[in-house]
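Same order as they appear, the protein sequences are chains C and S. Be aware that the first sequence starts at 1, since it is given in our numbering, and climbs by one per residue. Be aware that the second sequence starts at 1, since it is given in our numbering, and climbs by one per residue.
None of these hints come from the bench; they were simulated from the model. Just so you know, not all the hints are guaranteed correct.
Cross-link-like lysine-lysine pairs, in silico, DSBU-like; alpha carbons within 35 Å at most [stated by the list, open to error]:
(1) S/K140 <-> C/K98
(2) S/K145 <-> C/K126
(3) S/K93 <-> C/K55
(4) C/K72 <-> C/K106
None of these values were measured; they are calculated from a predicted model.
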Amino acid sequence: MNYKEYNSAVDLYSDKLYRFVLKITKDKYISEDIVQYAYEKLWLKLDSVNFEKAKSYLFTVAYNMTIDYIRKNKNIIKNEDLPELSYNENLNDFELQKILHNAINKLPPDQRAVLLLRDYEGYSYKEIEEITGLNESQVKVYIFRARKFLKEILTPFYIENKQ
Amino acid sequence: MNKKLNIEFYINKIKNNNLTEEEKYILLKYLKENIHLIIQYDDTLHNFLIDNGFYNDVFISPISNNTIIFKNKDALKQIPHVTIAEYEDLIIKHYEGITLPEEEKKLEKILRKDKFFLREYHIYSKVYIKPDNTEKFNNKELLYKNYNKKGKILTLLLSFAASVLLFLYLLFSDLSYNKTYLAQTIHNKEKTALLPISQKINKPHNLPMCFKNNTKKAIQNEISIINHASDTTNFYFVNKNFELLDNKAISQDTTLIHFQNANITFINKEYFPLDSNKTNIKGIACNEIKFTDFLIEKVKLFFKNKANINIEIIDVKSESRNKKGILINDFGFIASKGN
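Next comes chain C alone, as it looks inside the complex (with noise of 0.2 Å):
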């Protein structure tokens, strides 16, 4: 990878690693170093890494950091309630967003990550195994215990709305 290739690494991913691990932290302070951090390593790799492995390169120091970071400071991490909606409304996609995007954060940071790189980056499950470094079979079970926390969560709008 040149340099130029690197600055179009920063302009087509750096993005979506922010908004990767902002999900995560709920930092906007740590997640910015995670992103600069990931990319200062990529720099350093510049003459081993390829264009087209950059971005699962970026993903891979970010996860790794963020998940580290999660470790060390779960107890200063909080969780977020989940918002007041009143069942009888039609949730429209909006709504809908909001209610998954705050359920997101009641998981578990691995499953969370994972989620996100499925959802977010449209990653195979091969890619995240990659990035994060888990095994298939691992990956496959934390997206499905995932789908089904956000299924429960998301039952009783339908329920009530059907209703």
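Given the coordinates of chain C, assemble chain S onto it according to the supplied hints.
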């Protein structure tokens, strides 16, 4: 139209078992055309008809193959008991796009079976998160790099040159030590951006040799600590060549337990008194030091205030003992400005 037969006549004949072959033929032909009589006289006719092959040429031809189909076969078939985990996994797999063909069929059956499963299927379609694109990384300019090969080569060359110069400096500065020095302060080895220390040491013309007696010699020895960011700072005392004084004792035990019972007095020359009886430091932790021709002791100073400090070392004393605690030598120096 067929001629009506006196069926009772024939029935009686069958019962009496005296039906002729001709009568038998007439009767069978007549019954084929009047099936209802078979039902009416079934008790008598049943065996007679079977015995005389009445049913042999009676068969039902199928109404053209496969034109009439029972469409609801699937509804009749029973699906095996489905657990909650199973149908949920099937639905999630379906949305994740990782179902096998047979699992797709099974899911289809499950969804047809009950509206409950359909509702679950519908809710699962909603559990996909879209990124919140309003969040942006605003410091991209920190990430961009301006880079060219010339710059990289120049940086490498400069780094190399600096390393060579540093190496040469260290090499020659070490050789230039005067071995007659007993003790002298050297600059802080932990120079960092946070702790800049400049040092001003004017070496005296005659420093004290290692001594057991409290010989006083003059020394002008000042240290300036500028903008120290921390409340503490370290510097080092080097005790050189002390082995020369008591070579015999040391040669018996080349590994010393060195008790640097230093009694170091500093004077803050300009601003304010230093903390703790003017920074007397006693009882520095025991260090096991493999014997070399000089010992280095790190001394930590504690300051209450963060400011530029100009201090003068007045007195340093220390002693060394072997492993058994026997005094090998004691030494020190006393320095005072302008003496």
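Checked hints:
Of the pairs offered as hints, the one joining S/K140 and C/K98 holds, with about 27 Å between alpha carbons and a cut-off of 35 Å not exceeded. This hinted pair checks out: S/K145 and C/K126 have alpha carbons roughly 31 Å apart, not beyond 35 Å. Among the hinted pairs, S/K93 with C/K55 is consistent with the structure: their alpha-carbon atoms are about 26 Å apart, no more than 35 Å. At roughly 18 Å between alpha-carbon atoms, C/K72 and C/K106 fall within 35 Å of each other, so this suggested pair holds.
Of the numbered hints given earlier, the model fails none.
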